[in-house]
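One-letter residues, chain by chain:
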Amino acid sequence: MLSEWTKLRTLPSTVWLLVGIVVSTVAVGALAAASLNVSHCPTPATCFEDTTKMSLIGVRLAQLGVVVFAVLAVSNEYGTRMIQTTLLASPRRLGVFAARLIVITSLVLVAGAAGVLGAVAAATEILPRNGFAPISLADGLTLRAAAGSVLYLALIGLFSAGLAAVVRDTAGSITFVAAVLFVAPMLLMFVSDPVWQQRLRRFSPMDAGLAIQTTRDLTTLPISAWAGLGVLACYATAAVLAGALLFRFRDA
Amino acid sequence: MRNLLRAEWTKLWSVRRWALALGSAAVLSVLLGLLAASGSGTDANRHGLYTAGPEGTPVEDAFQFVHQPMTGNGSVIARVTGQAGSHEWARAGVMIKEKAAFGARYASLAITPEHGLRLQANFTRDLAVGDGTAPTWLKLTRMGTEFVGSVSSDGANWRELGRIEVAGLPQSVEAGIFVNSPPKIRIERQAGSTSVGGVPTKGTATFDSVRLEAGHAGGEWLSDTVMRPSAEKLDPPIGSSSSSGGVFTVIGSGDIGPNEPDDDMVQIGLFGILAGVMAIIAVAVLFVTAEFKRGMMIRTTFVASPRRGRVLIAKSIVIAAVAFAAGVVAAVASFLVTQPILRDHGFAPPAFPVMSLWDVGVIRAIAATGLFVALVAVFSLGVGALLRHSAAAITSVIALLIGPAIVASMLPVEAARWLMRLTPAGGFATQRVKPPNDGLVEAWSMIPGWAGLVVVSVYAATALGAGLWSLRRRDV
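Chains as they are written, first to last, in the numbering used here: chain A, 25 to 276; chain B, 23 to 498.
This is chain A alone, in the form it adopts within the complex (with noise of 0.2 Å):
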């Protein structure tokens, strides 16, 4: 595992896409929680943004910044042959593959939880300068959805090495996990019947992934919140489990 750590903290793009992960998730949710106003609500007291979920809405260009980290992390050295040096120095591929996988999460934790921490700092300034209350974590509701959100960023890790695994080409691994994740949300806004809505909805990686972040109008969502962290976390033990079947029997 040391030798995982040491392979990842020397890549120069480690630190870049983690301090992009942290920053994205921040700017956007400040940018968003700065564009809402009470203004737009049919009364002050009646609004229906549901302020919490816009902040942390920067979470979903973050997750860009982890699927490149975790697909860099795992097809970087099938690219530069150095994948045939790891292996005879390890030859437990498994053992391999997990300590990879440890790092890469722990790494996505850590810049997820400081990205989610200071977006919710952030919101909790712009919002009440435009009418709204600020959020904070003390309400239990939104310490859900912040944690929800650093778990979000960790399986959409796992997800994307996994199927880094599998697929081996880093431009490919990215190209086919944005589309996985991203089309399903764009194709909701032109799909109108209802029980391919639902479908969607539930089993989405995106959309049930982040229904954790919700804190309003619970009872109108079409999957719970930690179910729909579950569906996501099946996508991520599927990818994992293939990429770590092709990782042990296929040919380096």
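The hints are simulated quantities; they were obtained by calculation from the structure and are not laboratory data.
Don't be surprised by glycine CBs; every beta carbon is placed ideally from N, CA and C.
You may find that some hints are simply not true.
Said to hold, decoys possible - Which residues of chain B face chain A? A partial, calculated answer using Cβ under 10 Å:
id, residue
1, 64
2, 67
3, 95
4, 296
5, 300
6, 303
7, 305
8, 416
9, 434
10, 455
11, 459
12, 461
13, 462
14, 463
15, 492
16, 493
Chain A is fixed; fit chain B onto it per the hints.
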């Protein structure tokens, strides 16, 4: 340059993976379009809200009409002495209409509080013909199928403003003065959902010196409130008119013009292009970054062609042409496959007129989509040349193209619209045939197609410029 182009083209099609990706891009686009179409439906035709007008598109026709019959060629003349500013598009003027009924053919010349003089015919044609407000003299003359609108300041000397064609009117028509005032629409976006509300407005105008100059004219002035038959049961008619001593005070409410549902069948059909675009981003980035990988083929390339800038230009021409072709093929295929499905799901006349591949709007949308895909390819190429790293380049392009599209669907109207104007995500507006609309979920419907192309062009040009600078200045 021709050799350079041939060299770059060879490089592109000889990598099997890339050719495969481009081919599958078109197929994936059609499949995704099928998915979108199968999941779409509308019940717009079930509530009697949409009635087709003389030119096929659904229309709204509600106003107050004070009229007399007129036979053959002739003119209707009136002086509008005052108009209330109930709505920027409220109209007060003269009209010649087939009959005082909803959806009948007509031509009209009117003043508006904020848009000057307008010559309008058959709901879909609306020309700005001059500035002016009340008081002013207006004259509309019928000459067969041609209608001439004229204005005057004293009632004797007339200045022609414009002409408009209306075919199919019988010899005997109704001519007179009219007033309308469209409802005020308020759109609020909140928590990812949109609410659209309309409040009727009441338009008031005063006329005098109203007369017809025609073969057969004269008789009683009739006053009718023209409105949608199904609406008569819901809303009591607001229109009325009164006259004393030759001065008419007319009160009218409603809109005269196209009344199409917000959804755009062509846009839904072309949605699948998103999948193709993602594949093309990957190929365009790899087209340049693959040369920087170990082995450094870029050195061979630059030895063969020392003018580095030309190499990148050649690459961009090749990838743009390929992307345009792929985009157009995918768009045409998506359109042909999805339209029948959408028609089965409720997107049918009268609310949604049948769109064919040869309609001007459809051709424009397909060409614009092809151009959008080509520009995204050039943008990706430029970013790839600048960053020299495939992962970074692909991610940056996707972040700028798709990130804003998703985030904007949750923001209020103004913020969402600005995001579309300033990021390449606005390029998806090219898929729309109908005019921009603030009331839809997808934010890129708020800007016109050309605005989307402009912003993507700016990003493409900037990225290409930066890439050129980087290639020339830095070592390889």
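Do the hints match the structure? See the list:
{"no.": "1", "hint": "64", "verdict": "7 Å, holds"}
{"no.": "2", "hint": "67", "verdict": "14 Å, violated"}
{"no.": "3", "hint": "95", "verdict": "50 Å, violated"}
{"no.": "4", "hint": "296", "verdict": "6 Å, holds"}
{"no.": "5", "hint": "300", "verdict": "5 Å, holds"}
{"no.": "6", "hint": "303", "verdict": "7 Å, holds"}
{"no.": "7", "hint": "305", "verdict": "9 Å, holds"}
{"no.": "8", "hint": "416", "verdict": "5 Å, holds"}
{"no.": "9", "hint": "434", "verdict": "5 Å, holds"}
{"no.": "10", "hint": "455", "verdict": "15 Å, violated"}
{"no.": "11", "hint": "459", "verdict": "13 Å, violated"}
{"no.": "12", "hint": "461", "verdict": "13 Å, violated"}
{"no.": "13", "hint": "462", "verdict": "8 Å, holds"}
{"no.": "14", "hint": "463", "verdict": "5 Å, holds"}
{"no.": "15", "hint": "492", "verdict": "18 Å, violated"}
{"no.": "16", "hint": "493", "verdict": "20 Å, violated"}
The structure does not agree with the numbered hints 2, 3, 10, 11, 12, 15 and 16 stated previously, though it agrees with the rest.
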